[in-house]
Amino acid sequence: MNVDDLWAPFVEFGFMRRGLVAALALSLAAGPLGTLLQLRRLSLVADVMSHAVLPGAAVAFLFAGFSLSWMGFGGLVAGLCIAVAAGFITRSTPIQEDASFAALYILAIASGVAILSTAGSNLDLVHVLFGSLLAIDDTALLLIAAVSSLTLLVLAACWRALVVSTVDPDFLRARGGATIAHTLFLVLLVLNLVAGFQALGTVLSVGLLILPPATARLWARSLSGTVALATGLALLSSYAGLIASYAFDLPSGPSIVLAAGALYVTSLGLRSNRRLFATR
Amino acid sequence: MIEIHQLCVRYGDLVALSDVEGTIANGTSLAVVGPNGGGKSTLLKAIAGVVKPCAGYVHTNGARMAYLPQQSAVDRNVPITVSDLVSFGLWRETGWFGAIDRARRGRIDDALATVGLAAVARRRIDALSAGQLQRALFARLLLDEAEIVLLDEPFTAMDAATSAQLAALFAEWRTQGRTIIAALHDLGEVREYFPQTLVVAGRPLAWGATDEVLTPQLVASAFAFATAEHQHAEPHLHVHP
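Quick note, the sequences are listed as chains G and F, same order.
So that you can map any letter, position 123 of the first sequence is 122 in numbering that gives the first Met the number 0, and since no number is skipped, the others follow by simple counting.
So that you can map any letter, position 68 of the second sequence is 67 in numbering that gives the first Met the number 0, and since no number is skipped, the others follow by simple counting.
Hints may contain errors.
[Said to hold, decoys possible] In silico DMTMM-like cross-links for lysine to aspartate or glutamate, where the CA-CA straight-line distance does not exceed 25 Å:
#1 F:Lys51 <-> F:Glu20
#2 F:Lys51 <-> F:Asp108
#3 F:Lys51 <-> F:Glu2
#4 F:Lys51 <-> F:Asp18
#5 F:Lys51 <-> F:Glu152
#6 F:Lys51 <-> G:Asp97
#7 F:Lys51 <-> G:Asp3
#8 F:Lys51 <-> F:Asp74
#9 F:Lys51 <-> G:Asp169
FYI, nobody ran anything at the bench for these hints, they're computed from the structure.
Could you put the whole structure together from the sequences, leaning on the hints where they help?
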């Protein structure tokens, strides 16, 4: 690999440029949204939700073929249904939220894979589960850019409310805004998971929401610093992941998530070393 | 005025509080005492609207309320500053979209100075001691300018001097006509700062002037009541407003 390989694929191929723009757009929203996700202790819930979009996408695939717009819509409906169903089960039964999410998650992924495997080829299944740059056409790119822009606008407008409901939910509940804030957050989360599955696949679309903020938390001391660093790390992971995806002929989803994972593991190692030396 | 009618609150199958009935006049300072699990925090949450009653109702007639929860309700894992935490007290003014401008920043600094935390305004909340965090929450209350102030274990982890300093605010609030309702464990603090007392142990046992309510017999019966099957026992109603 030489220096030219760091940008040549993006100059040479339109699908790489579209993939890069899509991944960068996702990263811009993933920084602040993922930071709140982690601070609200919802990372595992988001992981479940990312799998929950699968049956909706699979049903859309059954009727409309490999249309990312329809699959995105199907995924959105399925994700919101799972979120509402999990909330209903938690409120009306003794089952805790994590258990109800886990039960629905395993049902969602089993039914999604079953639908896809009867209707499509193994290649389609791999594309939906792990993402495909080749599948990002102009329509998909517009959808990703729209979701990302909407997410940033809503977060900018409602940031204070979301932080208050994260730090002290009872405080906001007493003023009547906690449910709205939580619902708004879940809707943004599902929208970003749906947008993300086109580039990263359903299984890994949550990766940019979890790993960069987790890495940023190891270094940043303030909330704004965590958000800025998480966004920067997500952008870097997207770029590095796409380069690796092109160079080693890997699916885009795992490449981007592995790049984010490498930054996380390196940070963990550096932080541990610092503590180790500090104690000597 | 707060009107409470046959209030019942349950968490799942567990009835946390039942049969609360009464009115609390404006400007009252009421202590709520009782054993752990007796329903003190639940009553405050029901008045604040944080939990919904399974029966009955609480009417606050649209009064502005401020609620100071137990410390565990504040997630100190979020890396915000003490000043940011106190700024939540301006929520009624700022709402979802309002900004903290220079004037509001000045009021936040004043509130922090009142509770003796001016020096740690820019410190992260996870670096505060339990007592300092409680003082920060008091500063948040100061900005709220509520007509009804609900305090859940307000003196937790505080030394006597700090408790006395913050309790001095009660006198100021009383002169402003604010209603103060506090869940407390320390009966000495109750006698010192609260003219009215409600004793709860799953349901009200007594409600009235503190000197008349806090008899040794009733206190003993309240705490014995908690360990018995209190859902079915008869309460010893003593005085009721």
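We went through each hint and held it up to the structure:
1. F:Lys51 <-> F:Glu20: Roughly 16 Å between the alpha carbons, so the hint for Lys51 of chain F and Glu20 of chain F holds.
2. F:Lys51 <-> F:Asp108: 35 Å, violated
3. F:Lys51 <-> F:Glu2: OK: Lys51 of chain F and Glu2 of chain F at ~15 Å, within 25 Å.
4. F:Lys51 <-> F:Asp18: 15 Å, holds
5. F:Lys51 <-> F:Glu152: 21 Å, holds
6. F:Lys51 <-> G:Asp97: 23 Å, holds
7. F:Lys51 <-> G:Asp3: Since the Cα atoms of Lys51 of chain F and Asp3 of chain G sit roughly 63 Å apart, the hinted pair is violated (cutoff 25 Å).
8. F:Lys51 <-> F:Asp74: 23 Å, holds
9. F:Lys51 <-> G:Asp169: 13 Å, holds
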